[in-house]
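Whenever a hint applies, use it, and build me the whole structure from the sequences.
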Amino acid sequence: MTKPTQPTKSLGLTACAAACAVASLALPAGAVEPRAAAAAVTVGNPVAGNNGFGVVTEKHALLGSTESEGPVAVGGDLAYGAGYNVSLHTAGTFTVPGDARPTALLVGGRIDYADSSPVGVLKVLADGYVKIGDAKGSEVVTKDANGATVKTQVTAAGAGHDATPRIELTNEQPASSVAPAPGLMDFTSLFATYRDRADALATCANTVEIADPGRITLDATRTNVLRLTGAELNGLSELTFLNRPTATGPLVIDVDTTATGSVFTWDVPNLAGVSGEDAPYILWNFADATAVTIATGDSIEGTIYAPRAHLTDLDPANIEGDVIVRSLTAGPLEVNSRAKSPRRGIQRELRAPVNAGEIHYAPFATNLNCGDEPTPTPTPTPTEPTPTPTEPEPEPSTETPSTPSTPSTPSASPGRPGPDGDLADSGTSARTYAAAALAVLSTVAGLLLVRRFRR
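Per the working numbering, the sequence shown starts with residue -8, numbered consecutively.
Calculated directly from the structure, the hints in this document are not laboratory data. Any given hint could turn out to be false.
What the hints assert, rightly or not - Computed list of lysine to aspartate or glutamate pairs in EDC-like fashion (alpha-carbon distance at most 16 Å, straight line): (1) 114 with 153; (2) 114 with 159; (3) 50 with 125; (4) 134 with 159; (5) 142 with 159; (6) 134 with 163; (7) 142 with 125; (8) 114 with 90; (9) 142 with 118; (10) 142 with 130; (11) 50 with 177; (12) 114 with 60; (13) 114 with 349; (14) 114 with 125; (15) 114 with 163.
The structure displayed is predicted, hence computed values, not measured ones.
Printed below as a string of structure tokens:
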């Protein structure tokens, strides 16, 4: 007697093949599941937390030459050169409660007179105030030798009015308001955040291509990212902007210095097509650098963002933008590197002052983000309706199985949002049709099998 297994197998395969065929019709031609998205990076404004200071260091700073047109915040100790100006154009917006004026110079540590120029005068302009976290070794002078009230000065303890080195204000800030004034900014936490932001930006994919000879075009609708190694950056004699960065189309230039041990000597290329008014929308990200030296070249347009690095500026050209660095030497007080401070390596004796140019106040002024949203690959045509199976159902007998009612078109709300958030994901609808078709064909296959056995 012939075993009925073969007809059963044949019908099962037939039903499976039919079900798979119908299920395949439930998806639009060419559609696949959305690919995994590139990790999105949302940084916001990378300098947020700086309280409006144009120069911010976590540790010590030497302001050797020549001036900062905006306010300065130093997390550690401060030394200065023969003549340095702070807040030439603006004292900023950071006003301590109880003060009449904003703080233009904030020092978290002490004033380092030993490492300053012996004839140094640091002038705080624009009627700004000074705040010093640790007053040890300093004296706030508000009267001259005759007892007359004078513009406030900060000198070495016991040195007296007009002694050098000194910090000199253009107003009569009360001595009690100057120092000690600790804890006004948490530099340690702030720079931990800055390093996280720098690291996040370093993961952004490159979106800008350099065309010969060094020309770039920016997208005005997104954060533009140009990724370069230090060698590639120094290999550019000129970087020409064919269009300018904007608040909606800023530029991040991410520089990888790992090939040189995170130490980078920068020969700045000529930046054609941009100027100081574009600087608020350009950021130079040195996430891994521990030492950056600006050696030669053109003015730097944009923020220098190197929260792990000691920045040394030897170039008389200007920096137009914020400076966010671990520590800073803006113009060493001598070229002879053998005469250094034993504590920190800052140049100490005044032999050959270096003109480091000016730091212009051009605060970074937009938000940064990068990374693609998930998109289908390939993208289905938006106007293509969800296919509904229309093939006639098999009629193996006069007994017609009950057919589920055709499901209504699902609304967009239950589905996942599409790539732009305005279209519902049709994946749920497709699976519903496939399941219904499979159920119908399974029922048909069962009836065929029963009829076969009855024969």
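Structure versus earlier hints, numbers of those that do not hold, lowest first
7, 8, 14
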